[in-house]
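**Student:** The chain contents come next:
There are 2 protein chains.
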Amino acid sequence: MTSTATAHTNIALIKYWGKKDAILNLPTTSSLSLTLDKFYTTTTVSKNDSIDTLILNGQNVDARKIQNFLNILRDELGTFDQLTITSENHVPTSAGLASSASAFAALTAAVTRELALDLPNETLSRLARRGSGSASRSFYGHFAVWHEGIDDKSSFAESIAAPDMPIALVVAEVSSETKKVSSTEGMQRAMTSPDYSSWIQNSAKQFLDIQNAIITSDIEKIGYIAEKNALDMHALNLTARQQPFTYFTQETQQILAIVSDLRHKGILAFSTMDAGPNVKIITTLNEAPTIVNHLKKEMPHLKVQTAASGPGVTYD
Amino acid sequence: MTSTATAHTNIALIKYWGKKDAILNLPTTSSLSLTLDKFYTTTTVSKNDSIDTLILNGQNVDARKIQNFLNILRDELGTFDQLTITSENHVPTSAGLASSASAFAALTAAVTRELALDLPNETLSRLARRGSGSASRSFYGHFAVWHEGIDDKSSFAESIAAPDMPIALVVAEVSSETKKVSSTEGMQRAMTSPDYSSWIQNSAKQFLDIQNAIITSDIEKIGYIAEKNALDMHALNLTARQQPFTYFTQETQQILAIVSDLRHKGILAFSTMDAGPNVKIITTLNEAPTIVNHLKKEMPHLKVQTAASGPGVTYD
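These protein sequences, in sequence, are chains A and B.
Counting from 7, one number per residue, gives the positions in the first sequence under the working numbering.
Counting from 7, one number per residue, gives the positions in the second sequence under the working numbering.
Only chain A is shown next, with the shape it has when bound in the complex (with noise of 0.2 Å):
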């Protein structure tokens, strides 16, 4: 017997930076994103009586990260046969989207699937979070939070009942690749920073206000607020008392202008970054054309994509 789940990944409008435990998975904030159509994950697992493998992309890869995680899943769950994972990856890894988010929470569901666990979401995206913060928030379509928590039981992600809003994000990849600064190592960094807990503060207020701005379909006041939430994220790498660091390159920087440069001629576009030199434009699904066009022209090397609001886990 083998069973499949497709997980999107999703991308943080409020951000995740910063672990209060680092062997749980509990972030220092809650957290908030958009699920993309574009990007995603589907894994089929099925039990075999040698070890846990993985395929990925019809490659047998180094599977440790993944036995660790289902390891925690025996914990949590009352212990099961080695597995096969096959999992096709259709997250761009280079694109600076988590696919880590989609991995995890298509795996957590195939396992539970699998072991014929009928879990509710919740559950699973708690369970999820083990393997990669960011894929507690996967589980659902469009809008989720993630609720920072207190402890294991409390820390997990839910929809939030949102319109349809023509929300779109065009993600803008650029060539150069530099050192990488993980994501766990950046969030070490940032927590050095002094500014890191009036972050904190910002980010609830942050939180809240795009909670309202989503409730009432107001892409720009979304866009506005995951902007400033972004940028400041990327401060506390900039003010960290231990390595001070930036995921910004040239490039990155040349497209936040461009960025800039369009929304002084009154078009809807606002930039959020994550751990690595790609940007993605939050703007609406008429506008999206316009901003691919424009950044074509002005940096013919980028790799530009559009994705809309996606849906949530699905099984096969």
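Please note that the accuracy of each hint is not assured.
A pair holds if it fits inside one copy or across any two, identical chains being indistinguishable in the list.
Derived lysine-lysine pairs resembling DSBU-like cross-links, with alpha carbons at most 35 Å apart [claimed, not checked]:
id: 1; residue 1: K53; residue 2: K303
id: 2; residue 1: K25; residue 2: K227
id: 3; residue 1: K186; residue 2: K309
id: 4; residue 1: K25; residue 2: K211
id: 5; residue 1: K227; residue 2: K26
id: 6; residue 1: K211; residue 2: K26
id: 7; residue 1: K186; residue 2: K271
id: 8; residue 1: K302; residue 2: K53
id: 9; residue 1: K186; residue 2: K159
id: 10; residue 1: K26; residue 2: K271
id: 11; residue 1: K71; residue 2: K44
id: 12; residue 1: K271; residue 2: K53
id: 13; residue 1: K271; residue 2: K71
id: 14; residue 1: K211; residue 2: K227
id: 15; residue 1: K186; residue 2: K227
id: 16; residue 1: K26; residue 2: K302
id: 17; residue 1: K302; residue 2: K271
id: 18; residue 1: K303; residue 2: K159
Don't read these hints as lab results, they were simulated from the structure.
Keeping the supplied structure of chain A fixed, place chain B upon it in accordance with the hints.
**Tutor:** Just chain B, lined up with the frame of chain A:
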């Protein structure tokens, strides 16, 4: 008749980053600097009967910026003949040290000397400010404060009565050049950050705190406050609403990480950065060689120089 003056450049420990009046170069904050012994400009002026001419390091160069400044001096001091300015600049323009600080200070000193005006340093400082804000601080040895003021008359620099102390600055010049955002442009963008007004408030506090540290020769505290002030300034660039940007390159971040590590090992070392990718490390004369050796070992392509506290303007 000719007149010659020498001014040393200065490094801001509390930064000038924003103008409340762009014509008068009135800053949004008071700033504080250390004058450096190693980097300076020597300028000789003599009257001529054609046009204002600039010979910089033996080359006849475009004198428009200087001509504008000389015309401001003519307005302020009463008109005078056209001048030939011969300037020897011992500040590597690529080092991210403000060569304009020593250049406009030396020019103002030499011109007023040539006009046989015996003006106090406060007046010279006020005049030089019109050429380049940071030049206002280069008339004084060691530590100087530039009072932001509220108008042309009240915005000038003064010396701080400070004990002698073995403070040193290690200047680490990176090899790669990136597209540069000028100071003027950078300040304009930074002022669109929603955090700009908090920065002004924090800067006012840091301006007082660092003066207490200077009076007690507490170099570690001086470094700590200066690093915070600099990183805060660079965070403004990143959180600008119009065209967020950073001067940090990968090499900048490598140097910052090395400085953090050295500090972890007990070396007094704090970073400050201005409108460019280079890093200036605040330390003691005793510890500077350790830092230089470590930087050269880790990043052999860096150009590294050490400066100590330097003198004010001198006349030949």
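**Student:** Now tell me, hint by hint, if it's right for this structure.
**Tutor:** Hint by hint, here is what the structure shows:
For a Cα distance limit of 35 Å, the shortest separation of K53 from K303 qualifies neither inside one copy, at 50 Å, nor across copies, at 53 Å. Taking the shortest Cα distances, K25 and K227 sit within 35 Å of each other both inside one copy (28 Å) and across copies (30 Å). Both within a single protomer and between protomers do K186 and K309 lie at most 35 Å apart by alpha-carbon distance, with minima of 19 Å and 25 Å respectively. Taking the shortest alpha-carbon separations for K25 and K211, both the intra-copy value of 19 Å and the inter-copy value of 31 Å come in at or below 35 Å.
Taking the shortest alpha-carbon separations for K227 and K26, both the intra-copy value of 29 Å and the inter-copy value of 29 Å come in at or below 35 Å. With identical chains, the CA atoms of K211 and K26 are at most 35 Å apart both within one copy (19 Å) and between copies (30 Å). Taking the closest pair of Cα atoms, K186 and K271 come within 35 Å of each other both inside a single copy (34 Å) and across two copies (24 Å). In the homo-oligomer, the alpha carbons of K302 and K53 never lie at most 35 Å apart, since the shortest distance is 46 Å inside one protomer and 55 Å across protomers.
With identical chains, the CA atoms of K186 and K159 are at most 35 Å apart within one copy only, with a shortest distance of 32 Å there and 50 Å across copies. Within a single copy, K26 and K271 get their C-alpha atoms only as close as 42 Å, which misses the 35 Å cut-off; across copies the closest is 26 Å, which meets it. With identical chains, the CA atoms of K71 and K44 are at most 35 Å apart within one copy only, with a shortest distance of 25 Å there and 53 Å across copies. Taking the shortest alpha-carbon separations for K271 and K53, neither the intra-copy value of 57 Å nor the inter-copy value of 51 Å comes in at or below 35 Å.
Proximity of K271 to K71 under the C-alpha cut-off of 35 Å is restricted to the inter-copy arrangement: shortest distance 33 Å between copies versus 46 Å within a copy. In this assembly of identical chains, the alpha carbons of K211 and K227 lie at most 35 Å apart whether taken from the same copy (14 Å) or from different copies (33 Å). In this homomeric assembly, K186 and K227 come within 35 Å of each other (Cα to Cα) both inside a single copy, at 31 Å, and across copies, at 32 Å. Proximity of K26 to K302 under the C-alpha cut-off of 35 Å is found in neither arrangement, the shortest distances being 41 Å within a copy and 37 Å between copies.
In this assembly of identical chains, K302 and K271 lie within 35 Å of each other by CA distance solely inside one copy; the values are 17 Å within and 48 Å between copies. For the identical chains of this complex, K303 and K159 are neighbours neither inside a copy (49 Å) nor across copies (49 Å), given an alpha-carbon limit of 35 Å.
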